[in-house]
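Asks: Work the whole structure out from these sequences, hints included.
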Amino acid sequence: MKSAVIVFPGLNRDRDMIAALTKVSGTTPAIVWHQDTELPQVDLIVIPGGFSYGDYLRCGAIAARSPIMDRLRERAEQGVKVLGVCNGFQILLEAGLLPGALMRNQSLKFVCREVKLEVCNADTAFTRGYSQGQIIRCPVAHHDGNYFADSETLERMEGDGLIAFRYAQGTNPNGSLNNIAGILNARKNVLGLMPHPENLIEAAHGGDDGRALFSGLLGQAA
Amino acid sequence: MKARVTVTLKAGVLDPQGQAIEGSLKGLGFPQVASVRQGKVFDIVVDGTDEESARSHLTSMCEKLLANTVIENYAIEIAN
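These protein sequence lines are chains P and U, in that order. Everything in the first sequence is counted per the working numbering, starting at 199 for the first residue and increasing by one. Everything in the second sequence is counted per the working numbering, starting at 62 for the first residue and increasing by one.
Careful, some of the hints might be misleading.
As the list claims (entries may be wrong) - The calculated DSS-like cross-link candidates involving lysine-lysine, where the alpha carbons are at most 27 angstroms apart (straight line), are:
#	chain 1	residue 1	chain 2	residue 2
1	P	LYS221	P	LYS314
2	U	LYS125	U	LYS87
3	U	LYS87	P	LYS307
4	U	LYS63	U	LYS101
5	U	LYS125	P	LYS386
6	P	LYS307	U	LYS101
7	U	LYS63	P	LYS307
8	U	LYS87	U	LYS71
9	U	LYS101	U	LYS71
Said to hold, decoys possible - Have a look at the derived ranges for each label pair, beta carbon to beta carbon:
#	chain 1	residue 1	chain 2	residue 2	range
10	P	ARG271	U	LEU89	30 to 36 angstroms
11	P	THR225	U	ALA140	53 to 59 angstroms
12	P	GLY252	U	ILE82	18 to 24 angstroms
Don't read these hints as lab results, they were simulated from the structure. All values derive from a computational prediction rather than experimental measurement. Glycine included, each C-beta is placed from N, C-alpha and C at the ideal position.
Replies: Quick look at the structure:
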């Protein structure tokens with residue numbers, strides 16, 4: 199699997215993502231700076247987490263308007279897989295690659311802890327390493343993860359199987375509608391999620407429940 | 062030309078920050094506060110004197126960046 203990681207100023211989870219991709223795929227991802235105007239030919243493009251542009255205006259809003267995002271949009275339209283984690287998810291929403299918005303956590307607190315996720319659609323390139331309904335552990339660390347979409351959009355997403363991950367009962371850390379933790383676009387080649395699977399891929403992390411997301415993608419691309 | 066853009070959350074969108082401010086105001090002894098919705102204000106100076114063209118540019122700025130129209134409304138005022 200060839201991958202690329204887009205880096206914006208203010209991200210801080212890029213190294214974790216690069217390490218996870220390298221460990222699972224055996225290949226170091228290409229690093230693309232936000233001012234670059236071309237994306238390499240890859241199977242997977244990732245926007246990691248952090249605080250791009252200091253979360254100014256709205257989380258992900260400024261990064262979403264970077265020139266590289268037009269290239270990303272073209273690749274997504276061609277069917278290249280795109281993964282956005284945490285701030286990366288916020289950026290994909292602000293860029294209109296995924297529907298809805300992420301708002302301030304209902305508690306108003308920054309939440310940094312482990313949650314449990316339910317795999318709600320295991321029939322996608324991102325989730326094929328899991329079984330339908332499987333409950334996995336995953337860390338979260340965010341202030342704005344409270345997913346919102348209008349009821350019409352939510353209904354359509356639920357009906358089309360576009361909810362990839364939900365916070366398992368009783369572990370919703372942010373008040374997101376329908377306990378949504380991660381969503382797909384209609385074509386299911388773009389996934390955005392708040393939790394950090396890249397931070398739980400080996401025993402040294404205290405578990406490897408996040409690894410199957412990357413190894414599942416690897417199987418798909420190989 | 063001076064313009065003021067006000068961005069507010071749409072009705073029906075939960076505003077936990079507004080709720081926290083409302084709680085704090087009540088705690089300060091303002092029981093008459095019925096509800097608070099918070100938002101953002103942008104003061105923008107636009108080159109040129111054509112109000113119609115400025116308004117059209119400002120609308121485009123709101124749609125493209127200043128507001129997330131999934132959850133927010135915007136209003137544009139131009140000072141005379």
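Asks: All hints, please: hold or fail.
Replies: Hint-by-hint comparison with the structure:
The hinted pair formed by LYS221/P and LYS314/P meets the criterion: a straight-line CA distance of about 24 angstroms does not exceed 27 angstroms. For the suggested pair LYS125/U and LYS87/U, the alpha carbons sit about 37 angstroms apart, so the restraint of at most 27 angstroms is broken. Of the pairs offered as hints, the one joining LYS87/U and LYS307/P holds, with about 21 angstroms between alpha carbons and a cut-off of 27 angstroms not exceeded. The straight-line distance between the Cα atoms of LYS63/U and LYS101/U is roughly 17 angstroms, inside the 27 angstroms bound, and the hint therefore holds.
For the hint linking LYS125/U to LYS386/P, the alpha-carbon distance of about 25 angstroms falls within 27 angstroms, and the restraint holds. Straight-line distance between C-alpha atoms of LYS307/P and LYS101/U comes to about 20 angstroms, which keeps the hinted pair within the 27 angstroms bound. At roughly 36 angstroms between alpha-carbon atoms, LYS63/U and LYS307/P are farther apart than 27 angstroms, so this suggested pair is violated. About 23 angstroms separates the Cα atoms of LYS87/U and LYS71/U, which keeps this hinted pair within 27 angstroms; it holds.
Distance check on the hinted pair: LYS101/U and LYS71/U sit about 13 angstroms apart at the alpha-carbon level, within 27 angstroms; holds. At about 47 angstroms, the beta-carbon gap between ARG271/P and LEU89/U misses the expected band of 30 to 36 angstroms. A hinted range of 53 to 59 angstroms for the beta carbons of THR225/P and ALA140/U is consistent with their spacing of about 57 angstroms. Judged by the Cβ atoms, the range 18 to 24 angstroms given for GLY252/P and ILE82/U holds: they are separated by roughly 22 angstroms.
Violated hints, in rising order: 2, 7, 10; the structure is consistent with all others.
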